[in-house]
Each structure stands twice: as C-alpha cells, then as structure tokens.
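With the sequences and hints as input, model every part of the structure.
For the sequence shown, my numbering assigns the number 1 to the initial residue and increments by one for each residue that follows.
No wet-lab data here; the hints were simulated from the structure.
Treat each hint with caution, since some may be false.
Computed cross-link-like contacts, DSS-like style, restricted to lysine-lysine with a CA-CA straight-line distance of at most 27 Å [to be verified]:
1) K229 <-> K52
2) K122 <-> K55
3) K27 <-> K245
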Amino acid sequence: MDLSGKNVVYVGLGGIGFEACKQLMEKNLANLAVLDLAENPENIQSIQAIDKATKVCFIKCDVTNKASIKEALAEAVNLFQFIDVLVNGAGVIADRNVELTINVNLIGLINTTLEALPYMDKEQKGRGGVVLNIASVLGLEPCGCICVYSASKFGVVGFTRSLSDPFYYNRTGVAVVGLCPGFTSTAMTTAPKISDTFEYSKPLTDEVFSLPFQPAAIAGEHLVQVIEKAENGSHWITDKCNLSKVDFKTFWEA
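In structure tokens:
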C-alpha cells in the first residue's frame, strides 16, 4: 500500500507504537489517529512535529470496553471519513491477571477489528485497506514463563489468519496481516517481575528475559514495511533487527 494521503488509526501508543507512528509520519499521511487509554501529550506533540501537514489526533479508548471502542472509532471516522489502515497494538504482560491479559491482548483486538471493518469494507462505508494485528513470536511458539500472554497471542494469530480468508478479502478489499515481534525493548518487556504465570516460574522468566532485545525503533520500521507490503494473510517476524516472513505448516485440511 502506498501510504501517501491515507488515514491511519493506531491503537496502543506503547514502545513499538510510538516508534511506528514516527515512521508513519514520514509517509505523507493525511491523518493519524492514536487511540489509547492514557494520553501522552508529549509523545503526540513529538509525532505531530515530524510533519505538520499530517493531522495527528489523540482519542481516548479503552479496548476492554466495547462501547469505548465504538465511540472512539466513530470519532475517528467523523474526523476524517475513512479508515485506510488499522493497527491493533495494545498489549499487556500480566499473567496473574488472566482476565486483563485476555481482554486487552485478544478480546479487545477482536472487538476493535470487527467494529472498524464496516468503515473499511469497500462494500459498506469504506474503500478497502489494511488491518495489521500485532501478535508475538510467543504466539507462534509457546513460552512457559508467561503462559497466559502466550495463549492470548496464539489467539491473535488464529484470528488474523482466519479473518484473512480470501472470501473476506475479495469482498472487503481489506488485507489482514500479522506482525510477530521477538524480544523488543519497551516498557512492557522491562518489567518481567509482573509477568510470570506462577511465583515459581522465576527461573524460566530469568532465562527468557535475559535474551538480547532489539530496539523498538527497528520493530516500528518493520511494522510500516509490512503495511506497505499489504500481503493479505501474511505474518512477519521482527526479531534481532531482521524482518522475515512466517512459513505456516498445514496440519489439517477440511
């Protein structure tokens, strides 16, 4: 996708989100709406400063609340009519709060996508586009120290792959793709003490979180590249500063 003149909705201004939004502002967007629960005026201002021609707005949104999602997306559409790109980037690592982890990482992502699709579907209110869901390498391979987080990200991969069925793409014109970051330096990943599934998971946690971390700026750069590729159904790994395509295996066929 050529991002020039496009409208982007980015959900979740975390470490990767902030860096990705900075990269997106180099693409001559028409509008960028940042949806998050907590406003960060300094980050919004620094994003806007990159290109004054692109309008940047913050819209408060709680992805654990369907009414909040609905209102936030309606506000975005009211501001700039179409959504061309939706990035679902909200996420938490909080295994001992099972409900929060699943609600933010999976249910919130699903609800946001389903609420946004009518605004993007070329047969409804939209003109096609791209939905990018941020999963994780731990949605491709299990991780014993954060089992609930891993399960939520496996769910994101399953939802993304299912929604990218050609039947939907041929109707809507919306490509659905996934990005699976490896260990990336963000505020979320630098607090492993709140991450473990059990108290006695600590040896596993210490081992996993001692792995090398890539800069968030690299993951943000890769995210934008995946949007530009817009290859429906594809999943990409950003890890160790490299971007690679996931080669899924078929285990069962109808």
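Consistency of the hints with the structure:
1. K229 <-> K52: holds, 26 Å
2. K122 <-> K55: Roughly 24 Å between the alpha carbons, so the hint for K122 and K55 holds.
3. K27 <-> K245: Between K27 and K245 the Cα gap is close to 23 Å, so the pair holds against 27 Å.
Going through the hint list in order, the structure satisfies each hint without exception.
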